[in-house]
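Asks: Heads up: the sequence lines are chains A, B and C, in that order.
Quick note on numbering: the first sequence equals residues 1 to 178 in the UniProt record's numbering.
Quick note on numbering: the second sequence equals residues 1 to 173 in the UniProt record's numbering.
Quick note on numbering: the third sequence equals residues 1 to 96 in the UniProt record's numbering.
Honestly, the hints are just simulated from the structure, not real lab data.
Do not take every clue at face value.
[Claimed, not checked] Taking lysine to any residue pairs in the SDA-like style, the calculated list, with each CA pair at most 25 Å apart, reads:
no., chain 1, residue 1, chain 2, residue 2
1, C, LYS13, C, VAL32
2, C, LYS6, B, PHE14
3, B, LYS119, A, ASP115
4, B, LYS93, B, SER161
5, B, LYS80, A, ASN116
6, B, LYS133, A, LEU130
7, A, LYS162, B, LYS93
8, B, LYS40, A, ARG76
[Unchecked claim] Here are some chain B residues the structure puts well away from chain C; computed CB gaps all over 10 Å:
no., residue
9, TYR2
10, ARG7
11, LEU67
12, ASP68
13, LYS93
14, SER94
15, ASP96
16, GLU111
17, ASN122
18, TYR150
19, VAL155
20, GLN163
[To be verified] Far from chain B by the CB rule (all over 10 Å, computed), these chain A residues:
no., residue
21, ALA31
22, LEU38
23, THR42
24, VAL77
25, ILE80
26, PRO86
27, ASP89
Note that the Cβ used here is the ideal one computed from N, Cα and C, for glycine as well.
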Amino acid sequence: MFEEEIRFLRKMNKRQLAQQILNFLMIISSALMVWKGLALYTNSESPIVVVLSGSMEPAFYRGDLLFLGMPDEPVRVGDICVFKIPGRDVPIVHRVIKLHDEKETGKQYILTKGDNNQVDDRGLYNPGQLWIHREHIVGKVRGFLPYIGIITILMNDYPQLKYVLIGFLGLYMLVNRE
Amino acid sequence: MYNLAQRANAIFAFAMTVQFGLLLSIAISSLYLTSNPIGKVDVRELNIWLYNYDNKETEFAFIEMNLDADLTSLFNWNTKQLFVAVIAEYETKSHDLNQVVLWDSIIQSKEDAHIKEVKVRNEKYDFVDITPKFGEVEAKYSIYWDLMPYVGFLVSGKTESNQTISFPAPDNN
Amino acid sequence: MWFEWKIDFEGQKRAELISQVGIILFAVIGFVVGFLLQNLLLTFQIFGGGIFITALIVLPPWSFYNQHPIQWLPSVQSDQDKHEPEESDELKEKST
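Take the sequences, apply the hints, and build the full model.
Replies: Okay, here's the thing in structure tokens:
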């Protein structure tokens, strides 16, 4: 049944294999360059994020894609920001509902809340922490693309999918001559 | 392209690329659609009560307002919803800008974009300063809107405030 | 194989052209109509419907894709190369 494929695999020598691997690495590194370039342009650590929770429904659903920017202007009430609480990995996308700019230091005291939540985010901040500041903010949401990020959600919820995908990719690489 | 699989794959890939261009065109073209949102906030009552908060006597404000706004012009083909809020802005001795949300609403269709609310209170939001006392400064009240598109750029704005009101002295001194 | 729906080279060029023109055309029409009528759903209905129509025209092996069938050279009865078809000779002939 697989005679032709097995014969083809036996014919492959080290040089062809090396070339395949090099091609693969080239694709990965150019993708990485585009990502890092985008991060530089938007002045944000991770310029594209996938919505993970339903706390901003009906505006954002799980799987939507958000484009961030981090302009020099200060944060203002109403802005939808992506921020990270120190000590926690997961970034949160919520709206600024309170803002107090300290005159002397210029420090911004920010309180956030998800549109779909009944209470503000103080329950999500670290214990004793009542406000977040500009340094916690990864970026402001500027643009929006629906559904595209659903792949990331599927990968998160069904981690076996990652291995299946990599398995297929490897198989495809071996049998494909290009 | 010689067999079904090849042609199907080619059509799929090309359609994806063209779709991306289509989404981009929709996003950019929507920026050029004009709108004229109008609205105003009428403050009917503003009271201050003192409560013990974090071991300090703190001023909590309670407001009652009438809202009148027409945001229908913001609804175009790419408008998914509007997030609307009433915000209070004021300056104190220690903080030169303070912005607080008092009321919010999510509008999902053009027909619902006429806001005529009477005797609205800040039930969901605490009206309290970052310091224990407001200090009887003046505040402006305006309507803030944030447009969420089906695809593209988020746009927001604020209507002009037509009155500045000072915070009164506490009622339970 | 019968399920491969093969078409000849001229047919492939035709299919490629039709599919590209068709998809772009329906995207543009969808955009213009949707924008003028301010109806985003309509844009995607036109675009989606257009892809479906294009697939109907391009995927099946209609007869106008097989107007120039490949002229295979007569096979040579030799003991050694029973595996390798005479395709390469045919291609060389085409390019001269």
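Asks: Evaluate each hint against the coordinates.
Replies: Here's how the hints hold up against the structure:
| no. | hint | verdict |
| --- | --- | --- |
| 1 | LYS13(C) - VAL32(C) | violated, 29 Å |
| 2 | LYS6(C) - PHE14(B) | holds, 20 Å |
| 3 | LYS119(B) - ASP115(A) | holds, 23 Å |
| 4 | LYS93(B) - SER161(B) | holds, 22 Å |
| 5 | LYS80(B) - ASN116(A) | holds, 16 Å |
| 6 | LYS133(B) - LEU130(A) | holds, 17 Å |
| 7 | LYS162(A) - LYS93(B) | violated, 56 Å |
| 8 | LYS40(B) - ARG76(A) | holds, 20 Å |
| 9 | TYR2 | violated, 6 Å |
| 10 | ARG7 | violated, 6 Å |
| 11 | LEU67 | holds, 27 Å |
| 12 | ASP68 | holds, 26 Å |
| 13 | LYS93 | holds, 50 Å |
| 14 | SER94 | holds, 48 Å |
| 15 | ASP96 | holds, 42 Å |
| 16 | GLU111 | holds, 15 Å |
| 17 | ASN122 | holds, 35 Å |
| 18 | TYR150 | violated, 6 Å |
| 19 | VAL155 | holds, 16 Å |
| 20 | GLN163 | holds, 36 Å |
| 21 | ALA31 | holds, 16 Å |
| 22 | LEU38 | holds, 15 Å |
| 23 | THR42 | holds, 13 Å |
| 24 | VAL77 | violated, 4 Å |
| 25 | ILE80 | violated, 7 Å |
| 26 | PRO86 | holds, 21 Å |
| 27 | ASP89 | holds, 26 Å |
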